[in-house]
Amino acid sequence: MILHGDTDSTPEGRGTYGSRTTAVGGSAVFTAAQKLKEKMKQIASHVLEASPSDITLEDGKFSIVGSPQKSVSFVEIAEAANTSNTLQPGIEPGLETTVFWEPEACTFPFGTHICMVEIDKETGNVELKRMVAIDDCGRQLNPMLVEGQVHGGLAQGIGQALFEGVVYSDDGQLLTPTFMDYAMPIASEFPPFELDSTVTLTTVNPLGVKGIGESGTVGSTPAVANAVADALGVAHIDMPFTPEKMWKVIHQGAEGLHR
Amino acid sequence: MGIAALLGTPIKRREDPRLITGQATYVDDIKLYGMLHMAVLRSPYGHARITSINIEAALKHPGVKAVYTAADMRSVGPVAIAIPLGEIANGMGVHGPLAKDKVRFFGDPVAVVIAEDRYVAYDACDLIEVDYEPLPAVIDTEKAMQSDAPLLYEEFGTNVAFCMKPPTDEIDKVFEQTLAGGGIVVKQRLVNQRVAPNPMETRGVVADYNKANKSLTVWCSSQNPHILRNILAAAIGHPQHQVRVIVPEVGGAFGCKIDIYPEEMIASFASMKLGRSVKWSEDRSENLAVTVHGRDQTDYVEAAATKEGKITGLKIHGISDLGAYCQLFTDAIMIGFGFPVSCGAYDIPVVHLSADIVFTNKAPTDAYRGAGRPEATYITERVIDLIARELGKDPAEVRRLNFIKPDQFPYKSASGAVYDTGDYEAALDKALQLSNYQALRAEQAQMRAEGKLVGIGVSSYIEICGFGPKGSGPIGFYESARMRVEQSGTVMVYTGSSPHGQGEETTLLTR
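Residue numbers (my numbering), protein chains in the order written: chain A, 1 to 259; chain B, 260 to 770.
Read the hints as simulated data drawn from the structure, not as lab findings.
All values derive from a computational prediction rather than experimental measurement.
Do not take every clue at face value.
[Claimed, not checked] With a straight-line cut-off of 35 Å between C-alpha atoms, the simulated DSBU-like cross-links for lysine-lysine are:
no.: 1; chain 1: B; residue 1: K446; chain 2: A; residue 2: K245
no.: 2; chain 1: B; residue 1: K271; chain 2: A; residue 2: K41
no.: 3; chain 1: A; residue 1: K121; chain 2: B; residue 2: K729
no.: 4; chain 1: A; residue 1: K248; chain 2: B; residue 2: K446
no.: 5; chain 1: B; residue 1: K402; chain 2: A; residue 2: K245
no.: 6; chain 1: B; residue 1: K424; chain 2: B; residue 2: K569
no.: 7; chain 1: A; residue 1: K61; chain 2: A; residue 2: K39
no.: 8; chain 1: A; residue 1: K37; chain 2: B; residue 2: K729
no.: 9; chain 1: A; residue 1: K61; chain 2: B; residue 2: K711
no.: 10; chain 1: B; residue 1: K446; chain 2: A; residue 2: K121
no.: 11; chain 1: B; residue 1: K729; chain 2: A; residue 2: K129
no.: 12; chain 1: B; residue 1: K402; chain 2: A; residue 2: K248
no.: 13; chain 1: B; residue 1: K271; chain 2: A; residue 2: K245
no.: 14; chain 1: B; residue 1: K711; chain 2: A; residue 2: K248
no.: 15; chain 1: A; residue 1: K37; chain 2: B; residue 2: K446
Hey, can you work out the whole structure from these sequences and the hints?
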């Protein structure tokens, strides 16, 4: 069971942001698991009459390295630790630990995104025709969740490039207070995302993980901006690339255009 | 299945059954006996002086339990700021939970009504009479920096909270030498427009004070329950051990639920005053108006490159729009999170970074998915394309030429960040291969010949993650884990990370 989000049941914590959960929170959980595993090995070594350094845990069983026929199960050791009154000397009853894991350095995920756009000359609509993303977040604990994070990140990154914008009037009135005015990206505006990854482990945490929560957003916005400038044959044009702005650029050469 | 086999296996999210069958509990699902409801009266002006507030009619409205204005809340707040820069450390942009004397953006909270139900609370808001004297507003950072601009904080005589302008001798020399050697300098003003994080679930809070044991329980849609507890306890002047924060299911956040907002403080204050639980649920228009926005950064960028396309120097003047107030990381987004990666994936020998961070009559900005790093990446990636265009080279190859090479790691960038590991060319090559880049360029040429407007864009980014290393932040950014193996063999893991849709329960469990 993974429990979170209650200050009375979890120790002091820092929360989820900056794609840090697996890199920092995961390292804390990993370290705690290693500590408990060592203690369980010690208890198992007493039962199996061997040195703790010779004990291995595989498939839910503790056994002596090289002789798997004699073993004691994970559950038996858990029960012994919590209930036995004959634990060997020097072993504190119970199986619980609290770990605070602090990173020594940051980690730097990376990748390359490539996209293709076509701008409709008549309507100014920018159609995203291809979206390829290669992201390297180090070791992937669960590739399905990595892919999910990239999907959401791409949607928001592309959203900034093509649709979104908070707009105020000169006297400070908010002109985008509803979804009638603030354009959120929707799934039908995206092509199927073509995703793959490279895996470069980090050395700054025991899991070798870097983080994936924000990568899709970071990489995709400039990929779309570069594609739109390329399509128009201009040096630069400011986001968002709304149909109105594109139409004006194509037909009138509007403000914000730098040929 | 063995653990080694599970690691790296695509396992479906354990969270989804409860989420997609409507069994999960979000803050707004929490209903307590005798619970009161809060509505917030907000400024209809971008900038105005409050000349008077009359709450009498609202107080008399049937079902209304209390109406509070800034005058009632002198002891509460201020809204916390993690790293106060420049004049912010002297109080500029620091604000209490409700506006006092002046409103500084559309949606600035002015008063709250606590009532028996939500409709009554909203109705009574309409009965509060606020007299405003509208003031000229300024919504553009570059206009806000001009000497005749309307001032948000008159006592400071400027809208610029912090200014950083190191000497330019070194970068000027690089530009001169590059040009003398036949190289080029590209210049561009780049705007990263303001966007709204837009979580599917808006913000919400339920505060429940138990007068008998003096304990306050707060349910809140937050990314960081412990930081909320610690800051909230200090803001309302209640002992930390008597404040418990529970973060139930969170329907997205994207950075905007890191901040500790006025509403959490006000609902807690009201519950303690009234001895009853108080709920506030943000509506969508409030979310778009008052929950922090992201980006809103203008950059003046110059880059020098050899005629082969190798970048010799990069000069960035960043102007960050803080909005009307400074919240938790508002002032640090550009300088603290963007500037360190201003060289991106590239081996750029000299970088010059200068900054103005400026208040305007808009909602505060703060973290939004990427927070500073998307803005920095937008700069490098646009710059590479400008250089490629100027030199008539393929933008993918200009990237390759400038990449930090795998044997250069750990790599210290000109902006001071130490990159851990990377193989940027491998990712580029894989993207070129998957996109079938050469064929795509051929297809583009053909479509262009048919008169179509077709473009291809490449972007090679880096990110900083795993905040924060020892000694870097205002407090230790560790993470905690408590783990217990029960008699049955069940492993209980209590983590200080607090997910808001990432599927952490699945990530951290292998069976």
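Status of each hint after checking the structure:
no.	hint	result
1	B:K446 with A:K245	22 Å, holds
2	B:K271 with A:K41	31 Å, holds
3	A:K121 with B:K729	53 Å, violated
4	A:K248 with B:K446	24 Å, holds
5	B:K402 with A:K245	23 Å, holds
6	B:K424 with B:K569	26 Å, holds
7	A:K61 with A:K39	14 Å, holds
8	A:K37 with B:K729	27 Å, holds
9	A:K61 with B:K711	65 Å, violated
10	B:K446 with A:K121	28 Å, holds
11	B:K729 with A:K129	44 Å, violated
12	B:K402 with A:K248	25 Å, holds
13	B:K271 with A:K245	42 Å, violated
14	B:K711 with A:K248	17 Å, holds
15	A:K37 with B:K446	58 Å, violated
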